[in-house]
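Using my numbering, read the sequence shown as starting at 2 and increasing by one per residue.
These are computed hints drawn from the structure, not numbers from a lab.
A hint or two may mislead.
[Said to hold, decoys possible] Quick list of simulated restraints, FRET-style, between CB atoms:
#: 1; residue 1: Lys172; residue 2: Ala96; range: 49 to 57 Å
#: 2; residue 1: Ile99; residue 2: Thr165; range: 12 to 20 Å
#: 3; residue 1: Asp52; residue 2: Lys92; range: 15 to 23 Å
#: 4; residue 1: Asn66; residue 2: Ala163; range: 35 to 43 Å
#: 5; residue 1: Thr95; residue 2: Ile69; range: 17 to 25 Å
#: 6; residue 1: Asn64; residue 2: Lys215; range: 17 to 25 Å
#: 7; residue 1: Arg152; residue 2: Glu72; range: 18 to 26 Å
#: 8; residue 1: Glu49; residue 2: His222; range: 33 to 41 Å
#: 9; residue 1: Ser88; residue 2: Ser166; range: 24 to 32 Å
#: 10; residue 1: Ser33; residue 2: Lys172; range: 21 to 29 Å
The structure displayed is predicted, hence computed values, not measured ones.
Ideal placement from N, C-alpha and C gives every residue a C-beta, glycine not left out.
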Amino acid sequence: KVTSGEGGPSMQEAQMEAYDGPKARIAVSQFSDKTAKGGGSYHWWNPEIGDGMRDMLATALFNTNRFIVLERQIMGEVLAEQDLGASGRVKQKTAAAIGEIEGAELLVTGAITEFEPASGGIGGGIGGITGTVLGAVAGGLKKSHIAVDLRVVDARTSRIVAATSVEGEAKDTSLGGLLVGSSAAGGLGGYSKTSMEKAVRIALGEAVKFIVTKTPQNYYHVK
């Protein structure tokens, strides 16, 4: 795990050196909330956050060139395109064929067990956008922290083949950054462009390194 601040590894640094060997077929599931603060007066959780983290991890895994990353979040659109091709309304040579979707051998699941923004994030317990910014200023430079339980699962047997907990920690560095993050949507909602996003990227960088190095070698067999 890592609890670094500004000097922590970036997502790019977390991806490994150039690689041109066999690959593994993998899919990333949506991240879930397993924190003690997912409900009640401090309801930080939003499905958009889980979607954003899933997408960030899938992109990072793809960029290692060690995985065939299979997209499962837009499966409805993929099936609709195949159905359209089979309807006879699309030029046959260009139609998406039915029965060609690849199966994943590995599934990555993530459960967020700790989520501590520097000042609560939008919708936190201190008054939305105004509270977020003023809280950060009044408290000085505060740390954002996240911890994620990560599992790599064999899709055929449901066995866990690798598991760990990764952490990320970062500090707020400027009021301007918070102002941008407070109004931005982004993959992490109101936490986009804040120290919370930095902490997430640090944790996911560690996740990429773990998945690459701890996935058993027998899964890397697709040319």
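Hint by hint, here is what the structure shows:
1. Separation of Lys172 from Ala96 is about 52 Å and conforms to the stated range, judged on CB atoms against 49 to 57 Å.
2. Checked against the hint of 12 to 20 Å, the pair Ile99 and Thr165 fails, with Cβ atoms roughly 38 Å apart.
3. At about 34 Å, the beta-carbon gap between Asp52 and Lys92 misses the expected band of 15 to 23 Å.
4. As the Cβ distance of Asn66 to Ala163 is approximately 19 Å, the hint placing it in 35 to 43 Å is violated.
5. In this structure the hint that Thr95 and Ile69 lie 17 to 25 Å apart at CB holds, the actual value being about 23 Å.
6. Our hint of 17 to 25 Å for Asn64 and Lys215 holds, since their Cβ atoms are close to 18 Å apart.
7. One distance hint, 18 to 26 Å for the beta-carbon pair Arg152 and Glu72, holds here, with the actual separation near 20 Å.
8. Between Glu49 and His222 the C-beta distance comes to about 35 Å, which sits within the given range of 33 to 41 Å.
9. Distance hint for Ser88 and Ser166: a CB-CB separation of about 48 Å, inconsistent with the stated range 24 to 32 Å.
10. Checking the proposed 21 to 29 Å range against Ser33 and Lys172 shows it holds: the Cβ atoms sit about 27 Å from each other.
The earlier numbered hints that this structure contradicts are 2, 3, 4, 9.
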